[in-house]
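Hey, can you piece these two chains together into the complex? The hints should help.
These protein sequences, in sequence, are chains A and B.
The opening residue of the first sequence carries number 1 in the numbering used here; numbering runs sequentially from there.
The opening residue of the second sequence carries number 1 in the numbering used here; numbering runs sequentially from there.
If you are wondering where the hints come from, they were derived from the structure by calculation, not from laboratory data.
The reader is advised that the hints may include incorrect statements.
[To be verified] Within a straight-line C-alpha distance of at most 25 Å, the following computed SDA-like cross-link-like pairs (lysine to any residue) qualify:
| no. | chain 1 | residue 1 | chain 2 | residue 2 |
| --- | --- | --- | --- | --- |
| 1 | B | Lys146 | B | Gly471 |
| 2 | B | Lys501 | B | Glu150 |
| 3 | B | Lys426 | A | Ser77 |
| 4 | B | Lys182 | B | Arg379 |
| 5 | B | Lys179 | A | Ile168 |
| 6 | B | Lys179 | A | Phe165 |
| 7 | A | Lys118 | B | Gly388 |
| 8 | B | Lys182 | A | Ile168 |
| 9 | A | Lys118 | B | Pro385 |
| 10 | A | Lys118 | B | His391 |
| 11 | B | Lys182 | B | Asp334 |
| 12 | B | Lys146 | B | Phe271 |
| 13 | A | Lys118 | B | Gly378 |
| 14 | A | Lys118 | B | Pro382 |
| 15 | A | Lys118 | A | Glu131 |
| 16 | B | Lys146 | B | Asn227 |
| 17 | B | Lys182 | B | Arg396 |
| 18 | B | Lys426 | A | His82 |
| 19 | B | Lys182 | B | Arg401 |
| 20 | B | Lys182 | A | Ile170 |
| 21 | A | Lys118 | B | Ala384 |
| 22 | B | Lys426 | A | Glu81 |
| 23 | B | Lys146 | B | Asn500 |
| 24 | A | Lys118 | B | Arg396 |
| 25 | B | Lys469 | A | Asp144 |
| 26 | A | Lys118 | B | Asp393 |
| 27 | B | Lys179 | A | Gly169 |
| 28 | B | Lys460 | A | Phe165 |
| 29 | A | Lys118 | B | Phe376 |
| 30 | B | Lys146 | B | Asp132 |
| 31 | A | Lys118 | B | Pro381 |
| 32 | B | Lys469 | A | Glu81 |
| 33 | B | Lys182 | A | Gly169 |
| 34 | B | Lys179 | B | His465 |
[What the hints assert, rightly or not] Using C-beta positions, here's what the derived DEER-type ranges look like:
| no. | chain 1 | residue 1 | chain 2 | residue 2 | range |
| --- | --- | --- | --- | --- | --- |
| 35 | B | Pro385 | A | Ser77 | 24 to 34 Å |
| 36 | A | Asp104 | B | Asp44 | 40 to 50 Å |
| 37 | B | Gln81 | A | Gly136 | 35 to 45 Å |
| 38 | A | Ser56 | B | Val226 | 32 to 42 Å |
| 39 | A | Ala76 | B | Phe162 | 51 to 61 Å |
| 40 | B | Asp315 | A | Ala76 | 25 to 35 Å |
Values in this document were obtained by computation on a predicted structure and should not be read as measured data.
All C-beta atoms in this analysis are idealised placements derived from N, C-alpha and C, irrespective of residue type, glycine included.
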Amino acid sequence: MKPGDFGRREFVKVAGTAVGGMVLVSGCTPSVGKWRFFADAEAAVVEAIAEQIVPSDQDAGARGANVVNYIDRQLASTFEEHQETYRNGIAGIQQTSNIMFGSDFESLEWPQQTEVLKVLQNGEAEGGIWETESAGSFFELVRDHTMQGFYGSPRHGGNRGFVSFRMIGIDYPRIVGQNRYKLFPGKS
Amino acid sequence: MALRHANAVVVGAGAGGGVVAKELSEAGLSVVLLERGRWHSYADIDSDELRSQRTPVLGNAYGPDDERYRRVVRDLAGEWQTVVPSHWLYNNNAACVGGGTLSYGAMAWRFMPEDFRMRSTYGDVPDSTQEDWPISYDDLEPFYEKAEWEIGVSGDDSQNPFAPPRRRPHPMPPFSYNKEGKLLYDAASRIGLHPFPIPMLRNSVAYNGRPGCVNNRACVGFACPVNAKNGSQNTVIPAALATGNCELRINAVVGEVHVNDHGRATGITYFDERNRRQTQTGDIIVVAASATETARLLLNSRSRLFPNGAGNNHDWVGRNLQGHAYCGAFGLFDEEVYDDVGPGACVAICDYNHHNDGIIGGGLLANEFIRMPYLFAGRRPPGAPTWGREHKDFQRTYFRRHAVVMGPIQEIPVFESRVEVDPVVKDHWGIPVARISGHGHPQDRNGTDFLSSRAEQWMKAAGAHTTWKVGSGGGPTASGGQHQSGTCRMGDDPETSVVNKYGQFHEIDNLFAADGSLHVTNGGFNPALTIMALGYWVSDYIKKEWRGTGFR
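The shape of chain B in the complex, shown without the other chains (with noise of 0.2 Å):
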């Protein structure tokens, strides 16, 4: 039987999809969304570490599953190699209800302007594809105050000289500082930096009919006990639900968005819970599957209008993959530093994201999340035993006495990281896999080395004994992961981009990106506000072309 026709059919249930479900079946238009993942709570691993989508040697906790998932990447040798989702080359976010914002640290920053200016800001950078978005932070300004008090998030921007401008403040009041904030925030401020309490995913006070965070340790990398991380899950998704317009599919594998030979989208293919082979049509298909499977998603739907992917005719199409380059210190302290107050980051400054000598863009830098104990089992000083006596006295001593600074550097986008779909290997629905390839920019390294000796300095003044640094740019394979985007780049040319300044395909009008491969420069930020404002962008210029059962 076939199924019913849909006004509109969201593709991934993450942060922005589950914006775009919300918008559209508002403005009354049905909606499907389907989501390959399911629903998950708490209770499923509780605060196991060793199932934490930061640490998953036994499997995500969220997705995707082991068992039926692979990719193919080219690794440290320049070799293709096929892995599984918790094998670190895979670049995973995750595959459930909420994306990654299910599971996310949930900082919640927006970008400053300059970072939708990164060619205009530092000029042509040499073999890089580094541009200007076609939109401005002005653009993109109303709809992060929109994601701010639709989802939540608690902060006090009036403490950072650099926070762009906004014309309402957060909806809920920043968190307190911990025990190591506390410290890093008066070192900061000796130094002459300028710290504030980060802009959190996360209620502060209750909000919207959830309760307040109760400073869980396991945080970053697991749902929250009590419902206080605010992701898609337990915002967007329920309001899409509440309307009676949307029906949201878990367990729903998309395998290829049909195009005519028109040039119009008429729908998915899809494989759901039982492996069966679906089809779905809509008037409009919207693609939020995170960078890496929009792109593999597009590549594989091929047409005769298409031959190489749907939007795909100028090889664009899974370009650009980027991700961040992380780097920071860490420090060893004679006292006492920690006190189990959780998610642990708190503290943050944005000295250092623009106007670095002789750097292309830079970071923010913030106190890390904490480091549950097998992770930490593998931090250590350069040198330092990794087993033994010594190793285990280290984790004792230090577990309590040690604090990270961290910060993503924006990365310049290259033309060879990419997402292909592989030739051969398959996913356990017959769909070819993506296959990523690529590396990361030389001059990222210049950022990093710049960033990570900053987070040095803050740590020593923050009374450090010992203090090392860590991360670097510019690495021989490609970057993604969580923070995945750049794939299906917006801009004003159809030669040099695959969809316009609204996500919509240069060549296929009622197809839509809604996700992190809208970005052309990935900031340097945690980039989920983003991609939710990005969501409710797409949506409002969507709902004012709508036109009842068409579309345009």
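So here's chain A without its partners, still in its complex pose (with noise of 0.2 Å):
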């Protein structure tokens, strides 16, 4: 059977709910590696989609900002309430990935990974995971968390050299007051 022989949605949903079993991990791997809470494994899929997310162009994306640093910092502290939603939630991404494309997330393509994305995004995932995870709230959980490596302080782990502020052209790192003076006349 081909995805094309359903409709995306009627496939995926089909499918989930008759191999769901078979993908669900262990709800509590330890954290071993550099990681302070991901297993390695994890920290590849979660990077692979925050680089979805924010992907790399003429500009770093969320890779080159190293926001799955910022991610793993804060489940280990800050976001400790979110630990369990990103265990299956990650795990929830590789049983619609292997339904859909036969394969792990951060295996697949470029434009395989973004439609396993969109079907989380609009909830299209179903069953296995997704029968007690919701894989739009999710995907909008890594979605913001994504951003917030990218584009908020290094200082937490993420935007590794001002990547983003570099990017949209604000000063970095930045001084006070440094860029109201025209020090170079002339020069703009």
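In structure tokens:
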């Protein structure tokens, strides 16, 4: 059976119901390696999602800004309440990726990843993990955290080297008042 | 050991309480000023947007903290929800020395004469408690002036034909316009509006021993790096402490006002920085904890004469909670309109504050404070992608090529919008938390529809190639937030108000309120200067009535 045999929404729903149970992972994966909260495999998935949300182009994207580091740091502290949502959501996105394209999210082609995220965002991913976790809410949570990590202060572990400030054209590191004076008259 | 008795105990070191502490201690009263937060400096969070009071995704920089504080609110679905201070439904202001004035945008508006006479000007409004204030603009005018000169305002009302009469100009010259300000000033002039520089509680030149503004980008939501923004923490509170008559106690969380069987307030109970229970007695108690917390404190103060809370025998304490319905328009431009000259907001119009066809009240319009990068990432035209390449490209292209005009619509007060105390949920100290419920008045939407369409016209006149409107009134949840007001309404009739026109509780002679809770209506303006002026007004009455060792 190919995805084309059904409408996409219908396919995801039916298949999710059929195989959802098989891709469930343990609810509590111990943190190992360089991360405070994530397992290495989880960090790879979150980094891939974040990179879709803020992609690299002529300017660095979420990967270059180290957004996953921001999210990991917050999940181990201020965002502890979201730990379970991340654990479940990451398993859920693997479930949906496997159903739609037969592979884990981080190994998919760029357009396939985009399609998986749109399915999540639109709440069209159902079955299995998504029976108890809202796909749309999970996506919005990661989307918001990615924006924070990309556009927020580097002191929290993202926005490495003020990449987003450079991109939008505001001074960095900030020196209060320095940009109010024409240091070099004639140059803007 | 019992704490030394004070002439006056002031609860809350914000816009109102700071002024009262200074006025009373200068008059020779011994004053204890209690603040649940602490002193802060700019260095605490620098320009960290994720901790700003505007976008506190990692917690409020200037309090209250998410660990010890809770509120219960009725959410969009009509369900009770327990929330922490960084949640938008908490309707937070701040908890620190200076209160909201440490990190506010510092617009320094006087309300207009009509703002004190909303019922007389617009008549009865069904399903509302819209009413005239018991005082007029003329009553408050000298106290506005005092606030402007003692705390420090830059401005020039002569350019605003709608400005209320004043005896004395602002003490500092107005700020100049930044790039988008110039653009909007010219556009407004072209279409027959009357633009002028926004009056600001911010030094345009050195004033009061502190320097002029350095036009920092991270201004609203943050403390000032050079102390050029004037709040109670760097003006009236230091002045109060300098008298030698005022003691400021920080990390002091007040839980109850004691009222005896003779109907007199005798003191308060608070928890100190080590969570020890303390009782501070006083001849006069002044509550200035902001509209939500002032109401909560009174409702938590049950006594034999006031079994439903201090001053609440007619069920008006906590009622008429209001804030502002913010609305306006975004505009996108071909050319850069951003020059990184903070705080951003610099040009305003008062053409739409009153006497608009079919609208009750109205509001000012002004260009908005600088949108920091994370906040701007959440601002897009309707239907635009919220993530991905296009979203990022929009951020890169339009951060420096967009402008925003916003304004606060004066909300029509609603009796059902209220602060209560929750019967179950308690804070870290075991004090029942505030419970907030209610809704906007349906007519508020007419106001916001009107004002946002005018904002859009202004933006188009400035040359924006794309515009969209934002904000709406009459929402399904109670309004409050940083402009919270109305919960201890002043009035002449004890049956339909909480305090008299001097902020004195109708049935408790030595208990006063001095914050936004006094407001009968909240004007189409940011309310800080009015709260400060009321602080002077209430203090003036107390000083005149003070008889040495007692009170009347």
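Tested hints:
| no. | hint | verdict |
| --- | --- | --- |
| 1 | Lys146/B x Gly471/B | 34 Å, violated |
| 2 | Lys501/B x Glu150/B | 23 Å, holds |
| 3 | Lys426/B x Ser77/A | 24 Å, holds |
| 4 | Lys182/B x Arg379/B | 23 Å, holds |
| 5 | Lys179/B x Ile168/A | 17 Å, holds |
| 6 | Lys179/B x Phe165/A | 20 Å, holds |
| 7 | Lys118/A x Gly388/B | 11 Å, holds |
| 8 | Lys182/B x Ile168/A | 22 Å, holds |
| 9 | Lys118/A x Pro385/B | 11 Å, holds |
| 10 | Lys118/A x His391/B | 14 Å, holds |
| 11 | Lys182/B x Asp334/B | 16 Å, holds |
| 12 | Lys146/B x Phe271/B | 34 Å, violated |
| 13 | Lys118/A x Gly378/B | 18 Å, holds |
| 14 | Lys118/A x Pro382/B | 18 Å, holds |
| 15 | Lys118/A x Glu131/A | 18 Å, holds |
| 16 | Lys146/B x Asn227/B | 21 Å, holds |
| 17 | Lys182/B x Arg396/B | 23 Å, holds |
| 18 | Lys426/B x His82/A | 24 Å, holds |
| 19 | Lys182/B x Arg401/B | 14 Å, holds |
| 20 | Lys182/B x Ile170/A | 20 Å, holds |
| 21 | Lys118/A x Ala384/B | 14 Å, holds |
| 22 | Lys426/B x Glu81/A | 20 Å, holds |
| 23 | Lys146/B x Asn500/B | 22 Å, holds |
| 24 | Lys118/A x Arg396/B | 23 Å, holds |
| 25 | Lys469/B x Asp144/A | 23 Å, holds |
| 26 | Lys118/A x Asp393/B | 19 Å, holds |
| 27 | Lys179/B x Gly169/A | 16 Å, holds |
| 28 | Lys460/B x Phe165/A | 28 Å, violated |
| 29 | Lys118/A x Phe376/B | 22 Å, holds |
| 30 | Lys146/B x Asp132/B | 24 Å, holds |
| 31 | Lys118/A x Pro381/B | 19 Å, holds |
| 32 | Lys469/B x Glu81/A | 35 Å, violated |
| 33 | Lys182/B x Gly169/A | 21 Å, holds |
| 34 | Lys179/B x His465/B | 17 Å, holds |
| 35 | Pro385/B x Ser77/A: 24 to 34 Å | 31 Å, holds |
| 36 | Asp104/A x Asp44/B: 40 to 50 Å | 43 Å, holds |
| 37 | Gln81/B x Gly136/A: 35 to 45 Å | 19 Å, violated |
| 38 | Ser56/A x Val226/B: 32 to 42 Å | 38 Å, holds |
| 39 | Ala76/A x Phe162/B: 51 to 61 Å | 54 Å, holds |
| 40 | Asp315/B x Ala76/A: 25 to 35 Å | 47 Å, violated |
When held up to the earlier numbered hints, the structure conflicts with 1, 12, 28, 32, 37, 40 and fits the remainder.
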